[in-house]
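J.: Could you put together the complete structure from these sequences and hints?
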Amino acid sequence: MNAVAKFLHEVRKLLCERITLILIAMTAAGAVWFSLNGTGKTASDIFIISAAKNSAFFGAFLFSLLSLLQFHRDFRNNTDVIIVTCTDPLHHQVRRTLALICVAVATTLLISLFALPYGVAKTGDYFQFETFFTAWYLIFLSALVFAVLLSAGFYMMTMRLEISLIIMSGLVLLSKLLESMFSLNPSYLFYWVQTTANSFSDLVTNRFQIDMLLWNRLFCLFVSLSVWILGLSSLRRYGCGLPGSFIANCRRAWIPVLLITTIPLSCVCYAFEPIFDDSRPMDFSSMVSSGTGVATFTSIGNETGNPNLVLTEKVFSLDVNAKAGKLSGVVKYKLSNEDGNTQALPVQTNTGIKIDRVLINNAEGKAVRGETGESSTANWSIELPASEEYEIEIYYSGRMLNDNTIVQRATYGIADGFVWLPAIGAFPNLDINVSGDCTFYGTLSLDEKLEPIFSRGTFSKGETLNGRTKWLYTGITGSQSTSIFAAEYMTKTFEAGGLNIELKHFAKHGKSIREMDAINVIKAAIDYFTEAFGPLIYRNSLTILELPAYVSGGFAGGNMSAMDESSFNLKGFIPAESFSLHSGGGIDVLVHEIAHQWWGIATMPIQDGVSCWSAEGITCYSTYCFMKYYFGEEYAQEHFTDAWMKDLDTYRNAFYIQHPEYLEKLSDKDKSNIIGSFRSIRLYSIMPLMMLNGETALGGTENFVKKLSELYLSHLGQLITYNDFLSATGLAAEVIELE
Amino acid sequence: MKIELKNLHKKYKGGKTALRDISLTLASPSLIGLVGPNGAGKSTLMKLLTANLLPSSGEILIDGLPILKQEKLLKSSLGYLPQEFGLFEDLTTEQFLDYMSALKSIERKNARDEVDRVIKITHLEDKRKSKIRTLSGGQKQRVGIAQALIGKPDLLIFDEPTTGLDPAERVRFRNLFAELSKSRLIILSTHIIEDVQSACDYLIVLNHGEILFAGLPGKLMQQKNAGSLETAYMSLMEGSDNV
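Protein chains in written order, with our numbering: chain A, 1 to 739; chain S, 1001 to 1243.
Just so you know, not all the hints are guaranteed correct.
[Stated by the list, open to error] Lysine-lysine pairs mimicking DSSO-like chemistry, simulated, CA-CA at most 27 Å apart:
1. K1006/S x K1140/S
2. K332/A x K354/A
3. K13/A x K1109/S
4. K6/A x K1120/S
5. K1140/S x K1120/S
6. K13/A x K1140/S
7. K1120/S x K13/A
8. K1129/S x K1140/S
9. K1006/S x K6/A
10. K6/A x K1219/S
11. K461/A x K326/A
12. K1002/S x K1182/S
13. K13/A x K1129/S
14. K1152/S x K13/A
15. K13/A x K1002/S
16. K523/A x K492/A
17. K1109/S x K1072/S
18. K1013/S x K6/A
19. K1131/S x K6/A
20. K1109/S x K6/A
21. K1152/S x K6/A
22. K13/A x K1072/S
23. K504/A x K523/A
24. K470/A x K508/A
25. K1182/S x K6/A
26. K122/A x K366/A
Note that these hints are calculated values from the structure, not bench results.
T.: Structure follows, in structure tokens:
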């Protein structure tokens, strides 16, 4: 009788057992309950992903229990004694483990009978089979398989039920616990049960999330296989102890071969993780930016890498292959050299981009990769010969990498259906001075179904050939970078606040945009802010851009305000676990990012690293004012004031705030992550509360907003410091600061 | 099948010596009775013969080759009933025996007949569809014997097989073992002398890990000038204990 037949008998035997059926029923009942009680920001999240993640947690525990009971019962009852005298004990353990995995598959298929029609019915037009498969097969089923492998492995190693149960319970809880330790930014590879996958988009591809999940599952598979094979090699034989049994088992060549394959593969999988880079942690102490999420920032204190060189022209030809997730291109630069001597040209790219070739005045040059900087910046250096003028061509290609610091979340890159190339990702930027009359233009080649949006500058559609369209771009004179987005967008144009507004939303979202009356909300917000603070006189158009849910939040930059798809939801809400407003969803984010055009783009409230002042606080306060005006006092109280107060409590009760001396004992990376999360509360919650104190001190909202309007109009295009704010409002710091 | 035990010595980790210098040759066809008081080393010897234990020194040869080299052959030709064993309680008798047939690599097409055969031999026809958890102790013991008989193995090792059986069943199984031993090697470990006297053609008496006697049962009776095997055995034990 062949191995398959023996295996099938093992499965049949397992499915005849009462404990198996009870645990399958419990797992399935849990899945139904979690499906009916899902939470999240998108329909996919609420009705599919959340259910699968919670079921994975519950199921991993139950399948650990099932596996341990199976192994332990047969050992304790001496059933194994009968079995191993007529069959190979190692083969028997392999069959038993595979049978348990088979039960996990059967359980998942059983659950799918409910989850698939339920998901389809609830998500409607937003249903994506890829998301369903990811949720129930990549997250849920994988968690059950890993639970079986790890439980079996630990049991065979220890031959003790209670110890194995403690280890498995610990591992399941640890995976859950990691979610609450996000400020320490643990690697996403360690989330073996639920994974970090969240905020799945209903509207565009979730390729970035799925790629992360695939790598996470690959790593977890190798680790759990390693544990299982270690267990198998420890299986007690011939009455020997652990060392004797290990030696006896390793006489089978396939066991050491598997051991020396899976353990190194786990390490390789960890070391060569392909989504995130080795970015340096942000140094918040020296940060003087206009705040998180705002693309523009001051150049105070930022000296260029080589002040002797000046960029006078930049022309690019960029080819984005969305299906392959890669880009390639060439950029031609014209530079002038102030002293004519040899120079080192500092070049910055995304960490995933490689410079393939360099031509300097038509001669071959060489780019040398240096250290990785902050925010996925790879630093390169090119040696330039002595000359007063240069024409440099840089050929580059690669796949974008995401920043590994703060929170490991893949938000940008290239996928079939959505492209986001941040300013430093689209083309190599030169870390040198840019002349005021520097021209910047080029062509972008894209799949014809995708429409690009540039964060600054103008563009027009060129020819389409073989399914690819060329887009002609002209940047703002005196600049050298732009972010690029691309998706299947639909456009609605209208006027508000004297500006031409373009709302670019995903094609699938048309119905929801109409239902929430998004155009009128945007119009009302722009008109309100124009009325309250003053006009946006620095430009005549503004793009409101929809982003996928996994971007989580939004940003303002150049001539656009961008926000994720959950912002286009009338019933805005802030998840209970959210640390700040900015990570919330709903209409609040839409308005918040529009308000940034006044605070962050038209003016630049500048963070000083000491006070809570930044563009975020005043933007949050402005959003609150509009919401109070548009939705009423109750909405503003619940969604803003109460949320800020909750954040304030969190901040005050935080361990490292109460015991800052321990912060110094942490690594730079951990310290940076924790300071980053505190900083977020200070900017997004504490500063708005201080402004509410300002309202009280000045006799009401109207008086306070009037002062802000004066501040805005007097600082157009300029930085605004905390002292500027205090001077303009006539408030003393002690009056508004919280005790 | 021929099993040779050469200077077998087994000492457990705790320091207890279970077997001392055991040398024997067992060959089929034969029904060998292994008797001795509790703690004599019978079960240890069974475990060594089934490769569930390794000796501290000495060697076991099966058909002339060391047992570890013959493990595959041993497993394919062994039917074993341990003294204490568990069954899969949620399976029916038939399902369990079918499962064991699969483990013993019996072809699917023959498995059903083989299960029917052992069910008939062990008189479990009326319990064929009963879940094992509903069976009495004696019925479970019969299921244990049935699984050992599946595949008509060349070597049958039974450790206290008649425990829990009623007197009529004991007699029936004794006769069954005698019948089966005409074409194979059966080793029957027991402390019930009656079982051995009526069925075994070779007797091994163990005490304190040593062989006190190995030979024909009649020879022991003759040596001890006893009218029954039980008297001869008691005499042998008393002599041994006095030593």
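J.: Hint by hint, where does the structure go against what was stated? Just the numbers, ascending.
T.: 1, 9, 10, 15, 18, 25 and 26
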